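Visitor: Sequence lines, in order, name chains C, X, Z, P and U.
According to our numbering, the residues represented by the first sequence are 2 to 302, in order.
According to our numbering, the residues represented by the second sequence are 154 to 390, in order.
According to our numbering, the residues represented by the third sequence are 157 to 509, in order.
According to our numbering, the residues represented by the fourth sequence are 4 to 322, in order.
According to our numbering, the residues represented by the fifth sequence are 54 to 307, in order.
By construction, these hints were calculated from the structure, which means they are not laboratory data.
For clarity, every value in this text was computed on a predicted model and none was experimentally measured.
Do not rely on the hints blindly, as some may be mistaken.
Keeping only pairs whose Cα atoms sit at most 27 angstroms apart, straight-line, the calculated DSS-like set for lysine-lysine is [claimed, not checked]:
hint, chain 1, residue 1, chain 2, residue 2
1, X, 279, C, 173
2, U, 145, U, 193
3, P, 178, U, 180
4, U, 127, X, 325
5, X, 325, U, 145
6, U, 292, X, 353
7, X, 353, C, 173
8, P, 154, Z, 267
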Amino acid sequence: MEFFFQQLTNGLAVGGIYALIALGYTMVYGVLKLINFAHGDLFMIGAYLGLTLLTALGLADHLSPFGVIALLAVMVLALVAILGVVLERVAYRPLRQAHRLSAVVSALGASIFFQNIVMLIYGAKFHVYPHDLMPRTVVHIFGMPVPLIRILILLASVVMMVGLYTFIQRTKVGTAIRAAAIDQGAARLMGINVDRVIALVFVIGPALGGVAGLMVGIYYGQINFTMGWIYGLKAFTAAILGGIGNIPGAMVGGLLLGLIEAFAAAYLSIAWKDAFAFCVLILILIVRPTGLLGERVAEKV
Amino acid sequence: MLLKIENLHVKYGNVEALHGIDISVEQGEIVTILGANGAGKSTTLMAISGLVKVSEGSILFDGEPLNKLPAHDIVARGVAQAPEGRRVFGTLTVRENLNLGAYTSNDQQKISQNLDWVFELFPRLKERRNQMAGTLSGGEQQMLAVGRALMGNPRILLLDEPSLGLAPLLVKTIFDTVRQINQAGVTVVLVEQNARAALKLADRGYVMEVGHIVLKDSAANLLANPDVQSAYLGGRG
Amino acid sequence: AADTVRVGLMAPLTGAWASEGQDMKQIVELLAEELNNQGGLLGKQIEIIAEDDGGDPKTASLAAQRLANSDVVAVIGTYGSSITEASQAIYDEAKILQVANGSTAIRLSEKGLKYFLRTCPRDDEQGKVAAKTLMDMGFKKIAILHDNTSYAKGLADEAKGLLEKEPVEIVFYDALTPGERDYNTILTKIKAAGPDVVLFTGYYPEAGLLMRQKMEMGWNVPFLGGDATNNPDLVKIAGKQAAEGYYFLSPPVPQDLDSKAAKDFMSAFKQKYNAEPGSVWAVLAGDGFNVLAAAIKGSGSTDTEKMVAYLKTQLKDMPGLTGNISFDEKGDRVGDLYRVYRVDADGKFVLQP
Amino acid sequence: MKNKRWIVYAACAVVILISPAALNRYWTDVLNVIGLYVMLALSLNIILGHCGMFHMGHAAFYAVGAYTTAILNTAYGIPVLWLMPLSGLLAGLFALVIARPIIHLRGDYLLIVTIGFVEIVRIALINNIFGITGGANGIFGIDRPTIFGMKISTPGQFFYLIWFFVAVTIYLFRKLEHSRFGRALNYIREDDVAAAGSGIDTGHYKLIAFVIGAVWAGFCGTLFAAKMTIIAPESFNFWESVLLFMIVLLGGRGSIAGVILGTFLVIGLPEIFRQFATARMLVFGVVMVAMMIFRPEGILPPPPRTYRLDGDTGPEEAA
Amino acid sequence: MTLLHLENLTKRFGGLIAVNDVSFDVPEGAIVGLIGPNGAGKTTVFNLITGNYRADSGKIVFDGRPINNLPTHKIVSLGIARTFQTIRLFQKLTALENVLSGCHCRMKSGSIAAMFQPPWQRAEEQKALDKALSELRFVKLAEQAMNLAENLSYGNQRLLEVARALATEPRLIILDEPAGGMNDQETARLIDTIRQIQARGVTVLLIEHDMSLVMKACEQIVVLENGGKIAEGTPSEIKANRRVIEAYLGTDEE
Ligand SMILES: Nc1ncnc2c1ncn2[C@@H]1O[C@H](COP(=O)(O)OP(=O)(O)OP(=O)(O)O)[C@@H](O)[C@H]1O
Ligand SMILES: Nc1ncnc2c1ncn2[C@@H]1O[C@H](COP(=O)(O)OP(=O)(O)OP(=O)(O)O)[C@@H](O)[C@H]1O
Ligand SMILES: [Mg+2]
Ligand SMILES: [Mg+2]
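The shape of chain C in the complex, shown without the other chains (with noise of 0.2 angstroms):
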């Protein structure tokens, strides 16, 4: 039971991390029908450019910890955020009028950019983050030991989640994402600023990428530039699983696949763990198409 409960809570923190990417993953998504495989990568950069404002600002002599990370995650978001917005500028604007997949090799190059050019700056060596930046405070629950930062993780992609959620379902700039999502000229009809609204998307989704990065930095301290392409895959998983360009189904896919590793590491093979998971991915597939939420909207015809 306590084994059971231990890979319960190894799960979920992995997941968690998994449904942060897959939320800026899917966000984008939901926009433009693409997918940014170089989100994995703005993810790798928010992990570098928090190592380097941490090191360059010397932060940690002044502030507590929380204020650091605080702090760290606020200049990460923003400049993640324009990297972002520069990216779409750059390499999907162009390729808007043009077929889905277009934008696709556009993103794999994209995506080849930005790890080389990360090894070209910092070298192809591991990076590593501090070791007391996060206090290793662990809680108990249940009798069970369950280190604080992995609840603070959880806890942020729930409260991103909802965020987000409420955001892109409640409130008029929501709704003009969706519907530029689903018809740029009409939304222009609507007097909607495409071009602005597309920004958004940009500024959201790899902010929390880039964020997401700089949480896997603090948390396991060792960052790489390839990390970015296993994270991505991962969180692009998860976001499919979930139902791609569905908010809650990013959260619910992520944690779901980080679950299905860890058990399947536990209770089966380590070795088969990805394949595994892989396959529960297709065979809910299989029963569900469009993911566990995604819309099942028969096509009228």
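Dock chains X, Z, P and U with the ligands against the given chain C, drawing on the hints supplied.
Guide: Leaving out everything else, chains X, Z, P and U with the ligands in the frame of chain C:
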């Protein structure tokens, strides 16, 4: 003069669809544009709304050039359009679609007034206000498209075949509505295949053929014009 | 080809192993530069032709073709057994001497290729040492974790085979996925199996994370790692506290050798790159260069046959950056090379007696 | 107009044919790799370009072919080239089995599932499934192919072997495109509801497209195994599939000439960029983005199909 | 003889009953109109017939054979072809290729034949080509054969859909608002075309809001409202039917 189009040229790729047309619309008028399929009527409306690029010529709205403005600014200035093909937002609800029609307005009271009015015009929409627009029947979507354009208190309303796919009873409603809106002070540009009804409603009309204006006159004269009759009114109705 | 001696270097300069490859290049270029300052070889300057193998076999075979075409007298490299393997036939057909540095798979030297040598020891060698070390330390329940790369799996299998003949129990045997960040699931599972020691045969990034997450779990089991964890970054990733007490096997690193060659190299490297050399594999590429230099000098020629003959028969206990170097008939490095290291409280790698 | 095109193609073909004479072994070998990828990309083009299914797992089929060849050759000594049909068949069978339940998935959902397959295959290979794949080591010691008693081993020899198959592929796929089958795939790509409404069994055609693509990828697997003599799981990872995906889109969906050109760029450019050393992939990334922006529909989008209309059915009669 | 027989057909979407217990027959060789207010369920009936939707209950019998659970392409090859209310052409393909898609279900050659092109395959291709051209000529679009569908005008696109449907050699063709977006003159031409289709021995079932077309072309009319059938009869009967006037036609005061 509310709207003045001069020497308008529009190109799709290398093909020119409009070869220099002139249209003017006075404040408070209903003007109809007739023409066969592919004559360029929809293109004209899209050019006014800023969705297709103007390659030459000018569009003045209230004395101000529109053709350099982005589409959303044009809407904000009071130009609304119910486009061809309806283009409702399929995965949004009817309500959300209607709210988007009033995107540029911030006057909540006015918005809810308009909503009531649209629901009164099309009770069907009220019934279905929480249904996804994409699953509405063709005619229901058409109602939504027109209703959505009415939501924003436009100064000028561009209607592209608003009666398309509507049942005869509703076609009447639509034309009555257009008259009502017009009487409330909104200028209307109406593109219609149902030429007879359109001419009966309109003050003036233009006839387009392959990207040119070939005829302009008062609606009554056009209705009586034998060329128009044989080409667009199918002899007798 | 007249005025310089061209030496090829095949290394993963991009891709997942870029960090190793870039280290290899730095070290080899440094050594070449030093030698050139002393007048080069046979009166000629040495020129290093570096090609990127991207860490994948297909790119590697192209890189090999390219080197085979650029008049090199020999090639150093590369990292990763399957990468090396993709290039072996090409060099063999072109009669080019290849000195691999990070390719420990046994079979590479079992094919009877004439011009293939390596400065790194073979997996079976290390497997033997790993099993022996575990037995000497007196562990009874052993968990083995690898990462499913050809190197780590080979080592794990080798050790497992030997340990199964001993009176110990192997309570866990599985592979993690390299490149991930969170290994709590795996640690929880290993912990539940109740081992006295964990043998991890993978690479340092994962080892560092494992150590760190193990500490955070409050679990105190000793870890023994293979030579792929011999990298100062291990301690950076794990943190000194978590890394303390970590054992690993490795050929000696230059820091630990008294030889002049090693000392000179250390100071030169620090001076030029303002850092300590990275993994031992990159240093082994440096030894590959030294060996080649010795072969050219010793045989007085850049003829492949002569160089190979010299290396396999005449070169004995040449002092290198990783200890004394000799080769056997297969081209494998001879001598028991492996040492046991332990990480101390300061994060230093301490050679165990 | 049309004739000019043919002259260009013929000229290209001749240039390619005589190129080994002018090139050194390295560049010849680059052409060999390109040739393999041309075949692979053309087979993916059937699925992705013509049928419009987002398939990012083509390496899985390629792997099945390569491993079939490697296992049977090393274990039973069956000559490599004899194994080609079998490799194709097994890859096709594999595609048939896995694609059946997922073929109805739309766009991105299919994309992730195919990525899933390629990952599952890779993990299975790495974990030495059935004890026959050699795990991470892969399989080595695969024989060189022989033709009429001549052993193929140098890049120059491989060049003619590979490009022979490329030529056959181009010939057959061109016919395939210009047929009822090829059109059916295009209809499905454009609008599958309308395609079904015109009487096309969309599920069936999607499946067949998958199988044909897979069979060809299986053939390529044989050639790859023969050329490398060693195969390992990392040759068939997700990234390979991504490369193929990019080739098809960059070249022009559904365009044979485009896909060939795309292969030359995607596989050839990183080789040309070797002079940038560690920055070569960076440059490559930038070039990818730039090319997509300048040619959003690919470098050479397919020209509309032409039909020989008989004189007596000329348009003048129509009015 | 009855070609198509619908019996107690019902279709629900969530809580909404889009088609409610509808039964009617389409006699062979006839032109039958299906009319009714917007959202009455007409298009849904079509979608049920062609297998795009599955009926919740009820029976669809075509030529004596139940077709309820057949997939669309099977239904097409049995001899029912359709056009769509919102045009669904293959926009990026030429008009000719659009029509060729209709020939598909009457051809046999598959992928292998395509690669090796035996003579019979070539003959078949040629036959299909001829067929497609003749259908294009039938709707008077032969000049547009090589134009992309998206470049045709709206009315011509509708005609192209008709040609595509005809190319499947249907026994029953069902047209969803074929005159939508056409002016009176074009509509008049369409009526001729529909009559010619009938003359070829093809039965026609159509939905249309343009009463001039319905009343002129149809021999029999079925009226739906709110998913249920409220009337059935000849044009003159329907014109006089009080319930239909109230629900749909309105009084013709002008
Ligand atoms: N997106 C487009 N790309 C290329 N050509 C276009 C496009 N849209 C319209 N056209 C062409 O421009 C011309 C004018 O079309 P437009 O849609 O304005 O005609 P219309 O008068 O509205 O016709 P309809 O009565 O069919 O709606 C036609 O020849 C049409 O084929
Ligand atoms: N997929 C669906 N999901 C939910 N509701 C649907 C769906 N398809 C149709 N409906 C509803 O069923 C009703 C009947 O729709 P249908 O399209 O059959 O109407 P119609 O008679 O063709 O109307 P019109 O003349 O306006 O085209 C409508 O109210 C519509 O909203
Ligand atoms: Mg129009
Ligand atoms: Mg309908």
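Visitor: Mind listing which of the numbered hints don't hold for this structure, in increasing order?
Guide: 4, 5 and 7
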